[in-house]
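Peer 1: Now for the letters of each chain:
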Amino acid sequence: MESMNKLGRILLVEDDARDVELTLTALEEYNLANEVVVARDGEEALEYLYSRGKFKTRSSGNPAVLLLDLKLPKVDGLEVLKQVKSEETLRMIPIVVLTSSKEEKDMVASYKLGVSAYVVKPVDFHEFVNAIKELGIFWAVINEPPPGSVRK
Amino acid sequence: MARSKLQLRIAQFAVLRYGLAVLSVSVALGGALLIERLQLRNITLFLFAIAVAAWYGGTGAAVLALLLSCISFAYFFVEPSHSIPYFILFALFAWLVNRFSSVRRRAEADALQAREKLEIEVSERSSLLNLTHDTIFVRDMSDSIRYWNRGAEELYGWMPEQAIGKNSHDLLRTVFSSPLDDIQEEFLRTGRWEGELKHTKADGTQVIVASRWSLRRNEREEPIAVLETNNDITVRKRREQEIQSLNQELAKRSTELEATNKELHSFAYSVSHDLRAPLRHMAGYTELLQKKASSTLDEKCSHYIQMTLDSAKRMGNLIDDLLAFSRIGRAETQKTLFSLTQLVREALTEVRDDTEGRNIAWKIGALPDFYGDRSMLRLVLVNLISNAIKFTRTRPQAEIEIGCADGNSNDLVVFVRDNGVGFDMKYVNKLFGVFQRLHDSDAFEGTGIGLATVQRIIHRHGGKVWAAAVVNSGSTFYFSAPKT
Numbered sequence: 173m174e175s176m177n178k179l180g181r182i183l184l185v186e187d188d189a190r191d192v193e194l195t196l197t198a199l200e201e202y203n204l205a206n207e208v209v210v211a212r213d214g215e216e217a218l219e220y221l222y223s224r225g226k227f228k229t230r231s232s233g234n235p236a237v238l239l240l241d242l243k244l245p246k247v248d249g250l251e252v253l254k255q256v257k258s259e260e261t262l263r264m265i266p267i268v269v270l271t272s273s274k275e276e277k278d279m280v281a282s283y284k285l286g287v288s289a290y291v292v293k294p295v296d297f298h299e300f301v302n303a304i305k306e307l308g309i310f311w312a313v314i315n316e317p318p319p320g321s322v323r324k
Numbered sequence: 006m007a008r009s010k011l012q013l014r015i016a017q018f019a020v021l022r023y024g025l026a027v028l029s030v031s032v033a034l035g036g037a038l039l040i041e042r043l044q045l046r047n048i049t050l051f052l053f054a055i056a057v058a059a060w061y062g063g064t065g066a067a068v069l070a071l072l073l074s075c076i077s078f079a080y081f082f083v084e085p086s087h088s089i090p091y092f093i094l095f096a097l098f099a100w101l102v103n104r105f106s107s108v109r110r111r112a113e114a115d116a117l118q119a120r121e122k123l124e125i126e127v128s129e130r131s132s133l134l135n136l137t138h139d140t141i142f143v144r145d146m147s148d149s150i151r152y153w154n155r156g157a158e159e160l161y162g163w164m165p166e167q168a169i170g171k172n173s174h175d176l177l178r179t180v181f182s183s184p185l186d187d188i189q190e191e192f193l194r195t196g197r198w199e200g201e202l203k204h205t206k207a208d209g210t211q212v213i214v215a216s217r218w219s220l221r222r223n224e225r226e227e228p229i230a231v232l233e234t235n236n237d238i239t240v241r242k243r244r245e246q247e248i249q250s251l252n253q254e255l256a257k258r259s260t261e262l263e264a265t266n267k268e269l270h271s272f273a274y275s276v277s278h279d280l281r282a283p284l285r286h287m288a289g290y291t292e293l294l295q296k297k298a299s300s301t302l303d304e305k306c307s308h309y310i311q312m313t314l315d316s317a318k319r320m321g322n323l324i325d326d327l328l329a330f331s332r333i334g335r336a337e338t339q340k341t342l343f344s345l346t347q348l349v350r351e352a353l354t355e356v357r358d359d360t361e362g363r364n365i366a367w368k369i370g371a372l373p374d375f376y377g378d379r380s381m382l383r384l385v386l387v388n389l390i391s392n393a394i395k396f397t398r399t400r401p402q403a404e405i406e407i408g409c410a411d412g413n414s415n416d417l418v419v420f421v422r423d424n425g426v427g428f429d430m431k432y433v434n435k436l437f438g439v440f441q442r443l444h445d446s447d448a449f450e451g452t453g454i455g456l457a458t459v460q461r462i463i464h465r466h467g468g469k470v471w472a473a474a475v476v477n478s479g480s481t482f483y484f485s486a487p488k489t
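As given, the protein sequences belong to chains U and S, one line each in that order.
With our numbering applied, the first sequence corresponds to residues 173 to 324, in that order.
With our numbering applied, the second sequence corresponds to residues 6 to 489, in that order.
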């Protein structure tokens, strides 16, 4: 039960500032916001994962979960997915697609690339907060992350 | 043609070939002797006389001319004792010319016989050929028209007496689809040819004909005539061209439609993704505001905030319904045979939340098996049943009946009947339109897409939807679908 006390690091890949703010607000309510790293596009997400660019000096270790939007500038979500899943050191990171799109083809493509979950952001704020909270708690607290993940 | 035939004949007979050789040598030798010893003019004239007699008179005349020539030659020009070689020369010459002559006669007789035979044949059959509506004419091997039936007269506009004897290709100004030499080669080899030709009629208009040629041969297998049958396919060709151009137009339209569909698809995608985000933000921030400022806000302000949230939620539902609706149009139907009774049961489970605290008398009739897309049909039933639940809300005792009505032998008809508020039948045509609502949303919430979805699904199954209602005493919704 030791891991229940530890909080996994969450990498949130989201280009929309409002979505970032609302997500962080939702996570804050449950004290999950401190360990969230925000990447604003696919490229930044990859820089974090590979510890390069502006994340060159970050502490080592993979995030406990990657919350990934699909529609992103520069490198889109599905491309990030492909790269992460084809990299030996990254492929074990649980990835949750968190998107506005209910499109079946996005969902099929995501699952084919091996995502752990696919969540459509609810319009209703309550539902949104609940979804984020449950995701945060499950992936950052309950779930036992693969070896090599950062925990506080 | 006759001359070349004769030469052919000569070549065929060995006697003639050798005779010709002997003759030419004799002529050369005799010539040399004659020039030296005789008055050339005299013997030439005799030879000419014998030749004329043999060529035109036949064997008897040749013999007579020979005898007369010998006698007169012996009498007038040389002593009888010296005349033997001349007699032999005359005799040989006479025989030779006679031979040539008979060969020529035979060839001419053959050709005449063939023509007579053809003409007899044609005239025997012409009455029969005249009965057919097909255009038929016969031409000989030099393309000269020998027979012209009534069909040809009707199609081309020339009477038989105007056409017979003319070169058919010149008369009809035939345009061939491939080089004539190729056609002739194939025709003489196989004895038949089929193809399309362009002809010009007597009045100058052009016709396209499907032409069939067949070759007639005599007993010696020599080609003697061509039977040409032509069918006017001008109208058919024009229709074919029209169909072709219509098909091209159709292909163009379908490409355009495909492009439009694609655009619509990407539009739906963009609605799904981009329109939901700001809506979510509006709802999110408003709710945060409500939470933070609830203590300082008066009742009116709280109401405003609540209205903003409700509207955002409604719009979210609208977008979701609209997307679901557009997905039905794009998705492939996967048809199976399933139990409608079972599906109704599932649909009732799905709408259970809506029936809480309600007093509803359900009446489910016997339902047949249904051939269609199960998940789509489930959506139809859920929509119709939840409508029935919704619009009977004002009734202390709601009655909802689901059953199978008598359809015709091909279709089955399912209905959902309620004793709810009903609607005015004069608006019935608006019922199944997207975003069409017959009740205000304060009384009965909804996005106005449910029945449009029902209609779209049933149409995709090749069925129909319709409704009947009386204001304030209920409505019945029907849908039909082919049994198989």
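Because the hints were derived from the structure by calculation, they are not lab data.
Don't take each hint at face value.
Said to hold, decoys possible - Here are the simulated DSS-like pairs of lysine-lysine, each with C-alpha atoms no more than 27 Å apart in a straight line:
| # | chain 1 | residue 1 | chain 2 | residue 2 |
| --- | --- | --- | --- | --- |
| 1 | U | Lys-305 | S | Lys-469 |
| 2 | U | Lys-284 | S | Lys-395 |
| 3 | S | Lys-242 | S | Lys-318 |
| 4 | U | Lys-277 | U | Lys-257 |
| 5 | S | Lys-435 | S | Lys-469 |
| 6 | U | Lys-254 | S | Lys-267 |
| 7 | S | Lys-296 | U | Lys-305 |
| 8 | S | Lys-318 | U | Lys-274 |
| 9 | U | Lys-274 | S | Lys-267 |
| 10 | S | Lys-242 | S | Lys-257 |
| 11 | S | Lys-318 | U | Lys-243 |
| 12 | S | Lys-435 | S | Lys-318 |
| 13 | S | Lys-296 | S | Lys-257 |
| 14 | U | Lys-277 | U | Lys-226 |
| 15 | U | Lys-284 | U | Lys-226 |
| 16 | S | Lys-340 | U | Lys-277 |
| 17 | S | Lys-122 | U | Lys-274 |
| 18 | U | Lys-228 | U | Lys-274 |
| 19 | S | Lys-267 | U | Lys-243 |
| 20 | S | Lys-469 | S | Lys-395 |
| 21 | U | Lys-257 | U | Lys-246 |
| 22 | U | Lys-246 | U | Lys-228 |
| 23 | U | Lys-243 | U | Lys-257 |
| 24 | S | Lys-297 | U | Lys-305 |
| 25 | S | Lys-305 | S | Lys-318 |
| 26 | U | Lys-277 | S | Lys-267 |
| 27 | U | Lys-226 | U | Lys-274 |
| 28 | U | Lys-284 | S | Lys-122 |
| 29 | U | Lys-246 | S | Lys-267 |
| 30 | U | Lys-246 | U | Lys-226 |
| 31 | S | Lys-340 | S | Lys-296 |
| 32 | U | Lys-228 | U | Lys-277 |
| 33 | S | Lys-318 | S | Lys-340 |
| 34 | S | Lys-171 | S | Lys-203 |
| 35 | S | Lys-368 | S | Lys-203 |
| 36 | S | Lys-267 | S | Lys-257 |
| 37 | U | Lys-284 | U | Lys-305 |
| 38 | U | Lys-277 | S | Lys-296 |
Peer 1: Failing hints, ascending?
Peer 2: 1, 2, 3, 13, 14, 15, 17, 18, 27, 28, 31, 32, 33, 35, 38
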